[in-house]
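Asks: The residues making up each chain are set out below.
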Amino acid sequence: AQRVTQPEKLLSVFKGAPVELKCNYSYSGSPELFWYVQYSRQRLQLLLRHISRESIKGFTADLNKGETSFHLKKPFAQEEDSAMYYCALSSGGSNYKLTFGKGTLLTVNP
Amino acid sequence: EAQVTQNPRYLITVTGKKLTVTCSQNMNHEYMSWYRQDPGLGLRQIYYSMNVEVTDKGDVPEGYKVSRKEKRNFPLILESPSPNQTSLYFCASRRQGANGYTFGSGTRLTVV
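Residue numbers (our numbering), protein chains in the order written: chain A, 2 to 111; chain B, 240 to 351.
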């Protein structure tokens, strides 16, 4: 069974401070990991995927298979980063089931 | 514009009155899925479909039905809605072999 854990429901930082949103996963095969962002109950938007190793809006995430983690990081948080962040895992293959964590609400204070 | 379209955006209904939430994608994606989003529980998968006429249960399928008669459409059917189905629903699609899912704008359903 696949599972995604985001240990922090809420995370509050000040503008300009570094931010790290934690994500741990459980899956026996080779997973695909994603980060999605949701602003004010709007649609979910894909932020990052581990395969592309890109940086979007200053965010990065590295897949650590040894620690089964995919933490999201940004060195200097901005107020517009305030949103709900979901880590998600896809089992790939023919199923493509996407399993989400419960989300972390990030608030960046001025 | 490539997108996933859900209708309606908002719906208030009464217990037991059958309803359908439509989902349509114009990207020729094989895979489509329905999720419900509830506070503190995140997103949970209701049903998914890997292609036309191929559907399967997700994690919380009770009280829901789906069909996939055409590739572009994947309606969610609530035969007898109950108040515990009050939630925010999202449809998503993905092309086979691709990374990332495209989500619809969501349908906020209230069952009274």
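Take these hints with a grain of salt, some might be off.
Unchecked claim - Only pairs whose alpha carbons sit at most 30 Å apart, straight line, appear in this in silico BS3-like list of lysine-lysine:
1) B:K310 - A:K98
2) B:K308 - B:K296
3) A:K16 - A:K74
4) A:K58 - B:K310
5) B:K304 - A:K98
6) A:K103 - B:K304
7) B:K304 - A:K66
FYI, nobody ran anything at the bench for these hints, they're computed from the structure.
Asks: Are there hints from earlier that the structure breaks, and if so, what are their numbers?
Replies: 4, 7
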